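**Q** Here the structure of chain A is known, so what remains is to put chain S in place on it, guided by the hints.
In case you want the letters, here they are:
2 protein chains.
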Amino acid sequence: MISKLIEKIQKTAPIVVGLDPQLKFIPKHLLDAAYKEKGENPEGVAEAIFEFNKGIVDATADLIPAVKPQIAMYETFGIPGLIAFDRTVKYCKEKGLVVIGDIKRGDIGSTSAAYAQGHLGHVTIGGKEFRGFEEDFATVNPYLGSDGVKPFIDVCKEEDKGIFVLVKTSNPSSGEFQDRVTDGRRIYEWVAQKVDEWGSDCMDGDYSNVGAVVGATYPEEGRILRDIMPRAFILVPGYGAQGGKGADLVHFFNHDGLGAIVNSSRGIIAAYTQEKYSKFGEAGYADAARAAVLDMKVDILGALSAK
Amino acid sequence: MISKLIEKIQKTAPIVVGLDPQLKFIPKHLLDAAYKEKGENPEGVAEAIFEFNKGIVDATADLIPAVKPQIAMYETFGIPGLIAFDRTVKYCKEKGLVVIGDIKRGDIGSTSAAYAQGHLGHVTIGGKEFRGFEEDFATVNPYLGSDGVKPFIDVCKEEDKGIFVLVKTSNPSSGEFQDRVTDGRRIYEWVAQKVDEWGSDCMDGDYSNVGAVVGATYPEEGRILRDIMPRAFILVPGYGAQGGKGADLVHFFNHDGLGAIVNSSRGIIAAYTQEKYSKFGEAGYADAARAAVLDMKVDILGALSAK
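So the sequences go chain by chain: A and S. According to our numbering, the first sequence holds residues 1 to 307 in order. According to our numbering, the second sequence holds residues 1001 to 1307 in order.
If we strip away everything but chain A, and leave its shape as in the complex, we get (with noise of 0.2 Å):
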């Protein structure tokens, strides 16, 4: 699967839109729409949630690899909000999108080959195959060690998925223990380490279906993991809303080029809630967010073409 991101990544740019949807970002007049068709209910929202993604997904699919839709976003409105997202990815598939479905999920042994038949694989019920969710990539914790992860990428082999663990998270308070120094290395270095070693036994061409996530908001740690973890692509959250601007962004980069994709999220979403958007108006929100994937492009591209 990862060979399929970099595919779509060489046709457009290595970049990912959050599709991270909050209410209050959604515009009155989808809202209203829903509402009237819905009730002004968890499923209204939820139908006004898959309008408002696939006008995002409609303005933008030409100019981008992939997508991640951040499942909490969904589950806070119980089932609707889940079938919203399950319209969602299924959605972005039919557009030829890779999707990241950015579940943090993580158990250990049978729980997790749960998670990920559900997510990223099939159950078999009387001889036929069913899926669930259907995303092509997910989001992994690493919190139990192997046991939580392995069944993830027993998973990835058999249906050519991938996983993205956890190693540096881009929040403020990500050093509470990711960043604990232990033998020499800080815990995040150990479960990099840990993911090239998972990685080496999921191949897929120059890269591994075992990929990281490490926030834009530490750059300097992105430079020490990126030499880790070699052949892992890193998805890189933090980027806008959260601070991480493209000039601080290419050491997650490989000298090839590749090894990394950028998401923003809020920045992209609710675009048109930003000054220099506003031109577009609520109701121009897709086109908005068409202008600021066209402005993320530049500032990646422009930072790794400086390199």
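Derived by calculation from the structure, the hints in this document are not laboratory data. None of the values given here were measured: they were computed from a predicted structure. The C-beta atom is built at its ideal place from N, Cα and C for all residues, glycine as well. Since no wrong hints were added, every one of them can be taken at face value.
Under the rule of at most 25 Å between Cα atoms (straight-line distance), these lysine-lysine pairs were calculated in the BS3-like manner:
id : chain 1 : residue 1 : chain 2 : residue 2
1  : A       : K128      : S       : K1036
2  : A       : K38       : S       : K1128
3  : S       : K1157     : A       : K24
4  : S       : K1090     : A       : K38
5  : S       : K1024     : A       : K157
6  : S       : K1128     : A       : K28
7  : S       : K1038     : A       : K128
Partner residues aside, some chain A positions facing chain S, computed with beta carbon under 10 Å:
id : residue
8  : Q22
9  : D107
10 : Y115
11 : Q117
12 : R131
13 : P142
14 : L144
15 : Q178
16 : T182
17 : R186
18 : I187
**A** This is chain S only, laid out in the frame that chain A set:
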């Protein structure tokens, strides 16, 4: 919420039944009936899962304070599976049980808040409150630090709910990162210290609504962690099928006889597959579960009274 759990424990026993239905454990008569009604597909399995859980709950509700459905086992069947999870949570609450959602979620900021609202709190749409999954407690992964956990605590305070933070998990590879020594203590001890800090802000009687998960398979670690987090209730998985025994677990409890609750999943819900309970047969799976709960109660309470 922890005071409600304690009150129920004092009337029953410090045990929780893990509702982790795997397809292979569901008796044929339930599958046949569900497939006939809904088809041999995820909807059919989801119906069978709910009926299976209902049987277990009806047979054991008078003996136990709480249940712990493992959401992965439902999520693996996609939306129909999650509907069965939702129905299970609601049914257990109707029966007066405390529900611990074993969801192991964890993200940052508004994303963790979204999970917390979806599982323990509510969303507001058009001035009205709507609730997603309505568990009483949720398990939370600490890898992202305070930014990931505090949004859950905020919801716990508003709604009188609780969380159990993963500290030392029951699986064989839990030591890969959790056991690493840094500044004289293991990572799980640092997490435990944070649990104590976080919990001090969220007290409900003698105990905190911020608890911890410590595996039954690590009794020595349980003794150490009990001291670091005196006010945290410890949720102890790994009893039975994973190898933990009552006598190993006494140090997870405080001198008041409280402070821990021991989970068994397969050992109860699939008791009928064990030689010991084979007389009940597949059709008697619920009675077998009741017998296994009674035996577990004798084992745990016996060990506690001998302490």
